[in-house]
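K.L.:
Position chain B relative to chain A; hints supplied.
Number of protein chains: 2
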Amino acid sequence: MLIVQKFGGTSVGNPDRIKNVARRVLETQRAGNQVIVAVSAMAGVTDGLIKLAREVSAAPSEREMDVLLATGEQTTIALTAMAIQELGGKAASVTGAQAGIATDGVHARARITTIEPALVQRLLDEGNIVIVAGFQGISEDGLITTLGRGGTDLTAIAMAAAVKADLCQIYTDVDGVFTCDPRVVPTAYKLDEIAYDEMLEMASSGSKVMQSRSVEFAKKFGVVFEVRSSFNNNPGTTVKGETKNMESVVIRGVSIERNQAKIALDHVPDTPGSAAKIFQAMGDANVNLDMIVQTESSADTADIDFTLSAADLAKAESALRAVLDEMPGMQMKVYGGMAKVSAVGIGMRSHAGVASTMVRALADAGVNIDMISTSEIKIAVAIDDSDVEVAARAVHDAFCLEGSPDLS
Amino acid sequence: MLIVQKFGGTSVGNPDRIKNVARRVLETQRAGNQVIVAVSAMAGVTDGLIKLAREVSAAPSEREMDVLLATGEQTTIALTAMAIQELGGKAASVTGAQAGIATDGVHARARITTIEPALVQRLLDEGNIVIVAGFQGISEDGLITTLGRGGTDLTAIAMAAAVKADLCQIYTDVDGVFTCDPRVVPTAYKLDEIAYDEMLEMASSGSKVMQSRSVEFAKKFGVVFEVRSSFNNNPGTTVKGETKNMESVVIRGVSIERNQAKIALDHVPDTPGSAAKIFQAMGDANVNLDMIVQTESSADTADIDFTLSAADLAKAESALRAVLDEMPGMQMKVYGGMAKVSAVGIGMRSHAGVASTMVRALADAGVNIDMISTSEIKIAVAIDDSDVEVAARAVHDAFCLEGSPDLS
Chain A
858 MLIVQKFGGT SVGNPDRIKN VARRVLETQR AGNQVIVAVS AMAGVTDGLI
908 KLAREVSAAP SEREMDVLLA TGEQTTIALT AMAIQELGGK AASVTGAQAG
958 IATDGVHARA RITTIEPALV QRLLDEGNIV IVAGFQGISE DGLITTLGRG
1008 GTDLTAIAMA AAVKADLCQI YTDVDGVFTC DPRVVPTAYK LDEIAYDEML
1058 EMASSGSKVM QSRSVEFAKK FGVVFEVRSS FNNNPGTTVK GETKNMESVV
1108 IRGVSIERNQ AKIALDHVPD TPGSAAKIFQ AMGDANVNLD MIVQTESSAD
1158 TADIDFTLSA ADLAKAESAL RAVLDEMPGM QMKVYGGMAK VSAVGIGMRS
1208 HAGVASTMVR ALADAGVNID MISTSEIKIA VAIDDSDVEV AARAVHDAFC
1258 LEGSPDLS
Chain B
858 MLIVQKFGGT SVGNPDRIKN VARRVLETQR AGNQVIVAVS AMAGVTDGLI
908 KLAREVSAAP SEREMDVLLA TGEQTTIALT AMAIQELGGK AASVTGAQAG
958 IATDGVHARA RITTIEPALV QRLLDEGNIV IVAGFQGISE DGLITTLGRG
1008 GTDLTAIAMA AAVKADLCQI YTDVDGVFTC DPRVVPTAYK LDEIAYDEML
1058 EMASSGSKVM QSRSVEFAKK FGVVFEVRSS FNNNPGTTVK GETKNMESVV
1108 IRGVSIERNQ AKIALDHVPD TPGSAAKIFQ AMGDANVNLD MIVQTESSAD
1158 TADIDFTLSA ADLAKAESAL RAVLDEMPGM QMKVYGGMAK VSAVGIGMRS
1208 HAGVASTMVR ALADAGVNID MISTSEIKIA VAIDDSDVEV AARAVHDAFC
1258 LEGSPDLS
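Taken in sequence, the protein lines are chains A and B. Under my numbering, the first residue of the first sequence carries the number 858, and numbering increases by one thereafter. Under my numbering, the first residue of the second sequence carries the number 858, and numbering increases by one thereafter.
Chain A on its own, in the form it takes in the complex:
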């Protein structure tokens, strides 16, 4: 088999951990596989480089930050290759550019455009374990670019797509994707498999195993990947396209997002430009809105409520003060200390009554629902943060997620 394995900054955080990665990778090869490894910068290295940059420039250019930060992964690839060679294995390292990872020219958050893995393929054919620097690529102009957050996951998945790998393994510090956060819901268990869309909804609602963009990329190119732990040998969670079988499970999991806030705007003039002005102000202030509910409050005014990250609350509030000055009748109320609980599953498309089951479960548990929003495969509720544990357990239980079917 041709296998791509990804190890993040914690997994390669020091020379000893790099040696552990080397052992694991070499075992994979010696089991009869060809192996490509994507690695991140050692934990802490990127922060050190950013600090160094700040010592020469208050606002370093993104182009040069990319050149600087790319050295972090380049250091790791060389050390990883050396560690494999020290164990008697054959390894060769390549930078993003050498791996043929072409990107657009948007520094600090470049998008992969194409991959030409000729050198990687040649090194593989020569019997090497090929170590690819994650997080980086090269623009059409020949400049070094970086891919932004979650970049090494993206490198691994894109490389798996380009070389048509049989398997792509994302090694991380958790055992896989769980039905819910086990610290909140003790009966939560690791999923054997999950559909791309479910993974995306889980990611966007708080289960931050991976950045959405990598999952989206995998979905687009049909790359099946496994999320698993670099600290043990347990099987992880396979992320793949929908199968008929998956739909028999109504809800795949329950995700939790804490540190939420709500802004309620009452008596917003019911004219076409008013809502636009509010959302424009939020966009200009770089505030991401999450759940949005608009209701008619009178014949000519509406109430607009939305949730947002508590971290953005202050800047959202100050941006809205300016809007308030222009709309005298409008009132703003601000609520902190909120949370969001979401039930996710592609099965809900073919199962009626999911919303009512969820709402009833929460009511029975005494949880007050502040807002509710639904998508095709997700139902989310905004609640008081103090209700999070009770709510998550109630929803988890309501969809028969209690108890692991695969504890074996």
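No lab work stands behind these hints, which were simulated from the structure alone. Bear in mind that the values here come from a model prediction, so they are computed numbers and not experimental data. Each hint should be verified, as a subset may be incorrect.
Repeated chains share a single entry, so a pair holds when one copy, or any two copies, can fit it.
[Stated by the list, open to error] Restricting the straight-line Cα-Cα distance to at most 25 Å, the calculated cross-link-like pairs of lysine to aspartate or glutamate (DMTMM-like) are:
#, residue 1, residue 2
1, 1077, 1183
2, 1065, 1030
3, 1076, 1049
4, 947, 912
P.N.:
Coordinates of chain B only, in the frame set by chain A:
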């Protein structure tokens, strides 16, 4: 003018020094020039990377060491570009590969084969100061290579040749090339100019301002360069091809090499294979011989004396013990505590009596000459290390080098 400037590891040793380099480079550009800058890794960084490598592997492969060490210069180019941008300048950094520095595939000591400076030229044309990572290139196979000791000097000179620069300045921690080491000969002074061949002889006999290979490269491609200090604005020494005028000076300078040793082999059988066996043994032990004198000691034996670095004495001695076993009549004597003083100048080719002047000056100063060797433009003597200062001053004086003709 198009100017290439080189700054070594000490000159870019910390963020403050990088800012100083940025100021100097920007001044050069603002005076109406196009500027390319070649920089080394910050002092200490390369050693830190080597230490890291040793933590994962007892004997890291040279291929991967090159990938690792190349991050040192890549860090400096980004920081230098940022520092220039912070001062309001326009700058862009490029790695060796991006600068089009093609090398052979000999890792750790690659030779430059060609330079394709298309990207450098484009960035220059866009008004950038272009910061090139010294010491590194890319092999025909697309692998990262490093150029070995003095690599950044070589990068600067090769780049100057490739872009047909009007001027190449090697910034270092000395003011230029001196007639002799001023710590030994207080009347020594900085030379305004020196011929490539003189510089080469000075370099190979102890005046380690630059590695010979960079000077050889400059000579081959006719790159005129200036060695000058990065800590002041004094003019340095221009290194260039011979001019008619240069020959009027008999001796350009006196170089000193301490920590030398001598091995005297007496009664070596005067057969064709004997000397070969001795030199073969030295080559196998990786010992560089310097001055070699062979004389007939009897009808059928010869005496062979040679000097070598004191650091190599022990391994040379042990290698020769094995040869002694095969040649029973031969005797070996070992002398430590020696030094070498050389007079260098292309003028000696057209001036008779240089050797006799030097020998008489040493005799008058009471210095015993142990060995003497001559090349077309150099006369070297091996002496006792305790005589170095007296000898250097005597030779310096004998050729009227005392007192600077250009102290202005």
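K.L.:
Are the hints correct? Go through all of them and say.
P.N.:
Structure-based check of all given hints:
| no. | hint | verdict |
| --- | --- | --- |
| 1 | 1077 - 1183 | neither (44 Å within a copy, 75 Å between copies) |
| 2 | 1065 - 1030 | within (12 Å within a copy, 52 Å between copies) |
| 3 | 1076 - 1049 | within (18 Å within a copy, 68 Å between copies) |
| 4 | 947 - 912 | between (40 Å within a copy, 19 Å between copies) |
Hint check: a violation occurs at hint 1 only; the rest are consistent with the structure.
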